[in-house]
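J.: These are the residues of each chain, in order.
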Amino acid sequence: METELAGLLPVVLIFASAAFTDNILLARFLGMCSCLGVSRKVDTSIGLGVAVIFVTASTAGINYLVYHYLLAPLGLEYLRLITFIVVIAAFVQLVEMVVERFSPTLYNALGIFLPLITVNCAILGISLFMLNKPYNFVQTLAFGAGGGFGWFVAIGMIGAIREKINEASLPKGLEGPGITLIIIGIMALAFVGFSGMVKI
Amino acid sequence: MADTPRTVTAKALWAENPIFRQVLGICSTLAVTNLLANTLFMCFGVIFVTSLSNLTISLLREYIPKRVRMIVQVLIIASYVMMVDIIIKALNPDIHRFIGPYVGLIITNCIIMGRAEAFASQNKPWISLLDGFASGLGYSFILIAIALVREPLGFGTLLGYTLPAKDLWWHQWTIMVMPPGAFFMLAIVTWACRGLQVSKEKTT
Amino acid sequence: MNKSSPAYILTFTLIICAVFGTAVSLVHHGTRGMLEKNKKLHRNRVIARAFELDVPGESAAAYARALENAIQRDTLVHKERAFRTFTHTGQNHIGFVFSGMGFWDAITGILVLTGDLERVVNIQFLEQKETPGLGARIEEPWFTRQFKGLRIDWDALPAERIIVGPSPDPDAQNRVDAITGATQTSIALMRILNEELDTFRKARTASASERL
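Chains as they are written, first to last, in my numbering: chain B, 1 to 200; chain V, 1001 to 1204; chain S, 2001 to 2212.
Excised from the complex, chain B in its bound form (with noise of 0.2 Å):
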């Protein structure tokens, strides 16, 4: 039944559906630590964004890879968790290092959030959730991309609200973090309505 399914999705939808409707920061609540940390400039934000898009997108591929070439054939199933992480630490730290060494005005743009990736939790969340779902190669390209894009823009409105927000007069003791789990609150409340808009 599923299998039927898998080939009729569309890519667009599963990449809408991963970036909206099931939004890893703000309807499941991952990657939370390093969105309070960075959020607060929009440039920052958006350097993190693309940052974890880019390695969603194929740190889901290569688990996907991984996990049904290597882990399934062998019955190393239960290998998959730190199997995932250690592939994510691997790929971040490769992508430092090419990076570093090929565009050093990109490593000093995005160069400091790359150790934050790899503990953010919503990586290893979508390459976790990829293997719920009777997706196909390219469809998990596809989710990856969205669950990284989903987070992108929840960070990147979260940034700019605390811009505005900076210039206010806050109580010592509720400014920086604070407020921003308030803003955040307030964000997912909203969010809770686009659950189970679109259907998969």
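Just so you know, these hints were derived from the structure itself, not from any lab.
Some clues are possibly wrong.
[To be verified] What the simulated footprint calls covered on chain B by chain V, stretch by stretch (three residues with Cβ under 8 Å from a Cβ of chain V suffice, anywhere in the stretch; the number is not a length): (1) 33-39; (2) 90-98; (3) 161-173; (4) 181-191.
Beta carbons are placed, not taken as given, at the ideal position from N, Cα and C, and that holds for glycine.
Position chains V and S relative to chain B; hints supplied.
T.: For chains V and S alone, coordinates are given in the frame of chain B:
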């Protein structure tokens, strides 16, 4: 920087509390604090893993090459969590049915990674063990505080027991059950704790 | 030995991967026998609970004996789907294992129906990984109790034969209350149950006509 056991504990519990000072480990805070029992399970797991992984990484700190330290740390943490998970599953499956869902959350809990990177990779084993343990405790007491508000308001119970005179005062407050409720509670706790710290700095 | 040389980095990473990978594998294989025993016990316990069997004691042997006496196990195959079914030899009740995607991960469980498939007798869950304190509450007795004696409205649309949550008719006999705050899990469970009921009835009709 000379870290004595005393200062390490004080820092991890209050001055540099992982949740409201360093803003780490938020994801799991949101997920599990709507029932106190779940929170206690989670806290137990986190204290255990931060202590052990800090100890291991500190023991290996001389040998870990700088370039790949992230991979190595992640691998060590994930292996510990998996092993503990499998052992509990084999010995007591009933407890595992409660703890199981938190396993993934523990691996990606950035407190563990954060302490490994910031403390264990530069300090001696025993003090790292203490730092891991104290950070876990600092994390736990905030989580328990939040759960102590969310469970009574959301369900009218505490640890699953119905609170006295529930009919008189309790009205289902759905938002406390849902994750946004955790955001608001966490914001209030952060505000309160940071406010206290700010006012103390002013007086001294 | 140069710690930043590629050879050292590579060797070190490989050794660490090998050591920890082996350690996890060893623990996994060492406990496999116990895991399987536990899994079987859990399954038997859920079946016994679903059929409300009287089991003397808590031991694995007691459950196995009680099930052997009262329950007949079968497999019902229809097209590409195979249902594991359980029939209570005393009462005319039939149970089957349902499964489907919840909010986070697969939900599986046992649904027991009356022999004519008109009513639900009981529901019990085998595996679920929904949010603790929210979706995971589907396992709690106050939720599963609602299913006892629930009418299945076979004349309704295939997706609405059992309703979990709000419905236009609040007194509908085929409706149970959803879990507050866990809308996604409730919707997923409703979808799983209706899909599985539909397939199960088709499978049953097909096998009955084959037998004739």
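J.: Kindly indicate which numbered hints from before are broken by the structure, ordering the numbers from low to high.
T.: Of the numbered hints given earlier, the structure breaks none, since each of them holds.
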